[in-house]
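Chemist: Spelled out, the chains give:
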Amino acid sequence: MSGWFGVLLAVALAAALTFLTLPVVAIFAQQPPGDLVSALGEEGALDALWLSLRTTAAAVLLILVVGTPAAYLLATRRFRGRAGLITLIELPLVLPPAVAGIALLAAVGPSTLLGRAARDAGVQLTLATAGVVVALTFVAAPFYLRQAIAAFEAVDATLLDASRTLGASPARTFARVAIPTALPGLVAGTALALGRALGEFGATLMFAGSFQGVTQTVPLAIYDRFATDFTAALALSAVLVAVSAAILLSVKLVRAPDAL
Amino acid sequence: MRRLLALVTVLAIAGCGDDATVSGGGDKPQIVVSAASSMKEALTACAPDFPDADVRLQFAGSDELAAQIRQGVPVDVFAAANTKLPDALAQEGKLGRPVTFATNQLVLAVPADGGEVDSLRALERPGVTLVVGAEGVPVGDYTRAVLARLGADRSNAMLANVRSNEPDVKGIVGKLTQGAADAGFVYASDVEAANGELRAIELPAELEPTATYGAGVVKAAKQPDAAEAFVDDLLAGGCHRALLAAGFGEP
Amino acid sequence: MSGLSIEARTRVGAIELDVTLEVAAGECVALAGPSGAGKTSVLRVVAGLLEPADGRVRCGGEVWLDTAVGVDVAPERRRCGYLFQEYALFGHLNAWRNVAYALHETPRAQREPRARELLARFGLDDRAGARPATLSGGERQRVALARALARSPAALLLDEPLSALDARTRAAAARELADVIRDAGVPVLLVTHDFTEAALLGDRVAVIDKGRVLQEGSASALAAAPATAFVADFTGAVVLTGQARRGQGGTLLVTLAGGGEITALEGEPGPVAVSVYPWEIALARPGEAAHDSARNHLAVDVLSVTAVGSRVRVGLAAPQPLTAELSEASARELELAPGGRAVASFKAAATRVLPL
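Residue numbers (this note's numbering), protein chains in the order written: chain C, 625 to 884; chain Y, 135 to 385; chain E, 20 to 375.
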């Protein structure tokens, strides 16, 4: 494309690329890699990484197990109030994390009925790892649900009918036809939820606090260190960037193996 | 279409403003003041009345604000919850000579309607949920210094009950008002600002629970004269009186 | 009673469906009508995919549906073989696994061999490992058919089985399908918008429009004595079968089964179906027809004369059944009556040829 319009497009692209990639590159470029690696070895950093891994995995697992059948129901049945229900489920998507934190405190915080019931039952939510999982699940679930609902909606209803005429119960149809057919969408939703959970900060801090090994996930650890130990903050950030990139790549590979 | 474009442009420009408190209007010079969170209520009240400039306040942990100044963020005044950070910045040439403008008492805060903890000693009991500031944040450093003066055994017993290291003293307050913790170390001014939800247990004088607040004019300030005037105000003017009213003490 | 008996009354979209049909074991009834007539809905009621407001479905002695007493057997428990219009093959499974999906009652170890065996019967043994996306339209249709038959169903439901195929494949598929229908030995309900397809595959044809069956009977009876103008329009084409060979000057000579020879201007040698519209057929008294190389002539027996609106449908036998449509005036002038003889003529150019 020639002329001023072509130049404008090129400039826009260059600006966008620079703006988006420079901060990410800077994470890796500011300090020598050796410093970053040794900063990771410091005990608090490893604790944070391991905690983030455990809590994110637990949250995603919970989301998948409960969210997949729920999304299927919403996608395949038409009932009154369906649209409203879906909007309600998607709400946490647009909630600022701080609001999410407040919401969780208001719902299952230590001064609420549910919170006290949990404590009496022996499940400590605030200032405990379980609380982190609750916060992560709350903020990340809508990301998965929305993709899953769309993916199941896109499954040709005739396939589900065909499965029934071939002798498969609704449960078998769900497991052997709906899920495999919707899989690329489900995987994309899982990746989004994973990414969101890994990066969650505000709601976790408000609801679960920040304590090494118990509630201080990588984002909280970065925040804890950035004023006093910038290298450590960089190192942890670098790890998160690498993990996020890996998630993104694997989703692309699952959806379109040749497109990369 | 054109109207939509205009609307989007206006919103974008409006969005570029930050959420720091803006006071007043008119053509007075504008200064940006980075202040420790514990001063939030007091300064927010007194800043609009500052005669020499429009004051924009931003609150965070003092260590975070110091880090920003080190990175070259152009604020005009730095008011910290300790003297360590202003002194360090002054040594690095980033801050003018700091002055001590107020003190605050570190207190043991508990929920006002009673609970597990009614004294400092109670913190040594296993099972008590304690929330303190993170290391590097002034309130966190003060807390650890104060506890250290109790001796290693007692200090360790208490610190073993810590369940969260908050990056901001307001986070500690939040955990207490939510009922998530039995006790927390905050400033007297924070208990004052909590509207009766918290009760302060004073710490014995031999533990030296006094926090000394230092402030200075940032070398990279855009309005050094107005900044200087504000520091004076913190020392002896309207804002100083506001701090006293909020529970701070004389330096 | 091993046949299929259907009664359904319900509202589907804008149509009020009201259908009663009986299909005997080994018989194929073709439900033919325009799109939106409710044909597929009837299949879905039989399969259990659509519950009518009021209805009864019995198959092979079993009651599958009876709204009066609250019986509604779930689709997976009705033994229906359903061939969907776009085949509905599972894209994530290869051909034999698609067939094996129906074999959940077969012991696990036997599923693959049985599935492959079924595919082999349809000539797909070398494509058994292929994914549906890599199969041709005709191959997919056969996999879907094999899959529908895998459970030895008590009834076979076919939704527009040939419409998704291109013309060339359609012929071979029609032949195959006719064999399958015959060998299955169960009631077969076939749905189509194409009367020719219905005529070729169905033992009986039921014409449906706006949710109601307008007329039922053999294809030739419907064409010869349509009950309404709609049926007359719908059962437009006359279909004759025969063997074609090349003639002179690019023409095709077709020897009709049972006697008679006609010329067409298109088509390939081999077994063919010849189709002409009744209004393109002119009748004349024997001996009075003009001999013209551009026209086909067949000596016919007059079987029936039926008035339809302002036109007259004449049922003929050549000996294959044939229908001509004339104006009232022409019919009167020719003094046509059942039992008489006549000569049917139509242009070679009006003779459509379909490979069989």
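Source of the hints: derived by calculation from the structure; they are not laboratory data. Be aware that a few hints might be false.
[Said to hold, decoys possible] Between beta-carbon pairs, the in silico distance windows are:
1) E:32 - C:714: 24 to 32 Å
2) C:747 - Y:269: 25 to 33 Å
3) Y:269 - C:718: 29 to 37 Å
4) C:714 - Y:139: 46 to 54 Å
5) E:32 - C:794: 46 to 54 Å
6) C:689 - Y:336: 21 to 29 Å
Each residue gets a CB set at the ideal place from its N, CA and C atoms; glycine is no exception.
Chemist: Compare the structure with each hint and give your call.
Modeler: The hints, checked one at a time:
1. E:32 - C:714: 24 to 32 Å: Because 31 Å falls inside the window, the suggested range holds.
2. C:747 - Y:269: 25 to 33 Å: 30 Å, holds
3. Y:269 - C:718: 29 to 37 Å: 35 Å, holds
4. C:714 - Y:139: 46 to 54 Å: 28 Å, violated
5. E:32 - C:794: 46 to 54 Å: 24 Å, violated
6. C:689 - Y:336: 21 to 29 Å: Cβ of residue 689 of chain C to Cβ of residue 336 of chain Y: about 51 Å, so the range 21 to 29 Å is violated.
Violated hints, in rising order: 4, 5 and 6; the structure is consistent with all others.
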